[in-house]
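Each chain, written out:
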Amino acid sequence: MTDVLIVAGGQGNPPSQNTLELLGAARRLADATQGRVKAAVLESAPTPLTAGLFGYGADQVFRAEHPLLNGYQGDVYVAALSQIAAQAAPQVILLADDSCGKEVAPRLAHRLNAGLVTEVLAVEGDGPAVLFRRQMYGGRTIATLAAQRFPVVATVKPRTMTPASELAGRTGEEIAVALTLEASLVRTKVVQKVAEEVRGVKLENARVVVSGGRGLKGPEPFKQLEELAQILRGAVGASRAATDAGWVPASWQVGQTGKTVSPDLYIAVGISGATQHLAGMTGSKTIVAINTDPDAPIFKVAHLGIVGDYKAILPKLLEKCRDLTQG
Amino acid sequence: MHTIVCIKQIIDPEIPADQFKLDASTKRQVRGGLSLVISAYDQNALEVALQLREKVGGKVTALCLGESGAMGAIKTALGMAVDEGVLVSDPPLLESDPFGVVHILAKAIQKIGVPDLVLTGCVSGDTGDKVMGPLIAEELGLPCVTFVSKVEVKDGKALVRRIVEDGYELVEAAFPLVVSIISDDSNVPRYSKLKDIMVAAKKQVPTWKTADLGLDGERVGAGAARLQMRDVSIPERDSKCEILDGETPEERAERLALRLRELKVI
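Protein chains in written order, with this note's numbering: chain W, 5 to 331; chain D, 0 to 265.
No lab work stands behind these hints, which were simulated from the structure alone.
We put the beta carbon where it would ideally sit given N, CA and C, even for glycine.
Errors might be hidden in some of the hints.
As the list claims (entries may be wrong) - Derived DEER-like restraints, expressed as beta-carbon distance ranges:
# : chain 1 : residue 1 : chain 2 : residue 2 : range
1 : D       : P90       : W       : Q15       : 49 to 55 Å
2 : W       : L328      : D       : K20       : 39 to 45 Å
3 : D       : D215      : W       : G75       : 34 to 40 Å
4 : D       : P90       : W       : D299      : 33 to 39 Å
5 : W       : E224      : D       : G213      : 53 to 59 Å
6 : W       : A133      : D       : R236      : 26 to 32 Å
7 : D       : I111      : W       : K193      : 24 to 30 Å
8 : D       : D184      : W       : V202      : 19 to 25 Å
9 : D       : G213      : W       : V202      : 50 to 56 Å
What the hints assert, rightly or not - With a straight-line Cα cutoff of 20 Å, these simulated EDC-like cross-link-like pairs (lysine to aspartate or glutamate) come out:
#  : chain 1 : residue 1 : chain 2 : residue 2
10 : W       : K227      : W       : D313
11 : W       : K221      : W       : D313
12 : W       : K320      : D       : E250
13 : W       : K263      : D       : D165
Said to hold, decoys possible - Over the 10 Å line for every Cβ pair with chain D, so calculated as not near, a few chain W residues:
#  : residue
14 : Q15
15 : Q21
16 : T37
17 : A55
18 : E69
19 : R174
20 : E178
21 : V181
22 : E186
23 : R218
24 : K221
Sequences and hints are given; from them, build the entire structure.
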């Protein structure tokens with residue numbers, strides 16, 4: 005019997021995409037072993053989230069309400085989740101592998117003296133064992149890891165699990181958790197948040213992604229990529245080389261330390277295909293590479309390629325794509 | 000301001016695919032004659048520490064757990080003008096899982112003296128783990144901020160720039176503090192100067208072993224691992240790249256567009 009506790013994010017009903025993916029993974033794992041799906045809700049005031057979690061497959065919601073839970077703060081979250089985990093006593097704890105989950109999961113595992121596995125692509129029960137699959141070596145390998153100790157804390161890579169679907173009228177048991185949290189726990193404080201402006205579709209949700217890399221040699225050519233993305237109703241991404249050079253914002257980065265995308269079409273322009281980049285985009289259905297170097301590793305993962313200078317290729321590609329998509 | 004930067008020496012992750020081999024029994028990458036590097040983001044962490052020293056003074060220590068050859072990584076860091084280096088090297092320790100590794104690193108940090116700031120790279124270039132910073136923080140009982148590209152000191156506190164999905168946050172925290180470093184245009188690792196490389200070559204670097212650190216034997220080595228590697232495989236890539244030919248770049252571009260339409264992706 006594998007009881008799974010998911011850490012729910014957002015406030016809404018239906019729950020956020022990441023939360024639905026956690027519920028999907030948790031439901032499948034629990035069902036395979038007659039276990040239960042439990043969800044941890046951390047909030048400072050009631051929201052529709054709890055009802056949403058029941059509707060999408062949670063059996064129990066451990067709801068903690070506290071004034072300190074007004075937005076993410078690592079120290080408070082780790083303390084709150086430690087207390088919820090003690091009460092819910094799950095074998096597996098799933099968090100989304102987002103900027104909050106990445107920070108919380110290791111700390112929570114350490115406090116609970118638990119196992120830890122991150123960026124999980126698949127999780128399954130194998131009798132009493134729980135197996136996790138994740139990439140290693142920048143996506144060159146896929147490892148299967150078995151938990152040797154429970155509970156085990158795992159972060160789930162966004163957009164890899166099938167999300168839970170709604171079962172109309174489904175309900176569950178709500179358990180109010182009385183937390184002991186002191187304001188003195190708080191050791192870090194966000195003093196300013198700066199959001200990059202998103203034009204058009206969000207990168208992680210886009211069906212088409214046009215990315216640029218070192219080969220573009222500057223920020224200017226990204227205007228052409230934006231134009232192509234706009235024609236194809238997609239988003240613009242970049243390799244680490246381009247974000248590190250400051251040509252485009254860090255939030256555009258696709259790869260190990262950026263976003264993971266799996267669009268229907270990924271067009272890599274002037275990107276050589278470092279493992280760190282490939283780790284974020286090889287799940288794309290059709291990959292197109294445009295690069296001057298025929299030996300660039302990007303051609304090893306691409307389905308379609310043009311060997312040549314993007315400067316000579318992009319204008320015509322833009323024109324033709326515009327014709328085809330308007331026709 | 001004393002900063003300790005935890006660095007890891009790894010096999011160059013950018014080797015061509017045909018040179019990447021796995022050992023069937025250890026399920027690890029075969030080193031062979033491949034070159035070794037400091038994991039990329041650890042280099043950014045070194046750069047952040049050095050820039051901080053330039054602004055507020057103090058010193059920077061590079062700490063590495065690795066094989067005896069990882070002395071090369073320490074020497075590279077010293078060549079970037081880091082002040083001190085410490086190598087922890089004892090073969091059984093290298094089989095430790097991340098919890099074992101942070102136990103070892105925390106003991107080494109305590110032996111050096113807990114500094115104002117501990118930096119790690121945000122991701123290990125081989126295993127892809129992004130857990131070192133938060134785990135070291137827990138082990139030492141210190142606060143932590145992850146995925147930070149810039150560290151400044153303001154009114155005696157740290158003010159750091161944390162990269163998040165849709166932009167960034169400025170986060171304030173008191174020292175001592177653990178921070179994991181992500182790259183951006185402000186922390187591109189510097190090139191070493193010849194004179195620093197010469198100094199580095201002569202610099203004495205202590206190598207510590209298990210007995211030097213007072214480790215809890217239950218927490219380190221292969222036996223303490225909280226996960227077991229059942230299997231590791233190199234995924235088959237089904238893609239054979241279809242190179243679009245044409246007399247001119249324009250012709251190739253046109254073919255690409257038509258092919259994409261044929262495949263119904265545009």
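Do the hints match the structure? See the list:
{"no.": "1", "hint": "D/P90 - W/Q15: 49 to 55 Å", "verdict": "51 Å, holds"}
{"no.": "2", "hint": "W/L328 - D/K20: 39 to 45 Å", "verdict": "44 Å, holds"}
{"no.": "3", "hint": "D/D215 - W/G75: 34 to 40 Å", "verdict": "37 Å, holds"}
{"no.": "4", "hint": "D/P90 - W/D299: 33 to 39 Å", "verdict": "38 Å, holds"}
{"no.": "5", "hint": "W/E224 - D/G213: 53 to 59 Å", "verdict": "57 Å, holds"}
{"no.": "6", "hint": "W/A133 - D/R236: 26 to 32 Å", "verdict": "29 Å, holds"}
{"no.": "7", "hint": "D/I111 - W/K193: 24 to 30 Å", "verdict": "28 Å, holds"}
{"no.": "8", "hint": "D/D184 - W/V202: 19 to 25 Å", "verdict": "20 Å, holds"}
{"no.": "9", "hint": "D/G213 - W/V202: 50 to 56 Å", "verdict": "51 Å, holds"}
{"no.": "10", "hint": "W/K227 - W/D313", "verdict": "16 Å, holds"}
{"no.": "11", "hint": "W/K221 - W/D313", "verdict": "12 Å, holds"}
{"no.": "12", "hint": "W/K320 - D/E250", "verdict": "8 Å, holds"}
{"no.": "13", "hint": "W/K263 - D/D165", "verdict": "10 Å, holds"}
{"no.": "14", "hint": "Q15", "verdict": "17 Å, holds"}
{"no.": "15", "hint": "Q21", "verdict": "12 Å, holds"}
{"no.": "16", "hint": "T37", "verdict": "18 Å, holds"}
{"no.": "17", "hint": "A55", "verdict": "26 Å, holds"}
{"no.": "18", "hint": "E69", "verdict": "24 Å, holds"}
{"no.": "19", "hint": "R174", "verdict": "30 Å, holds"}
{"no.": "20", "hint": "E178", "verdict": "30 Å, holds"}
{"no.": "21", "hint": "V181", "verdict": "22 Å, holds"}
{"no.": "22", "hint": "E186", "verdict": "15 Å, holds"}
{"no.": "23", "hint": "R218", "verdict": "13 Å, holds"}
{"no.": "24", "hint": "K221", "verdict": "15 Å, holds"}
The earlier numbered hints are all upheld by this structure, with none contradicted.
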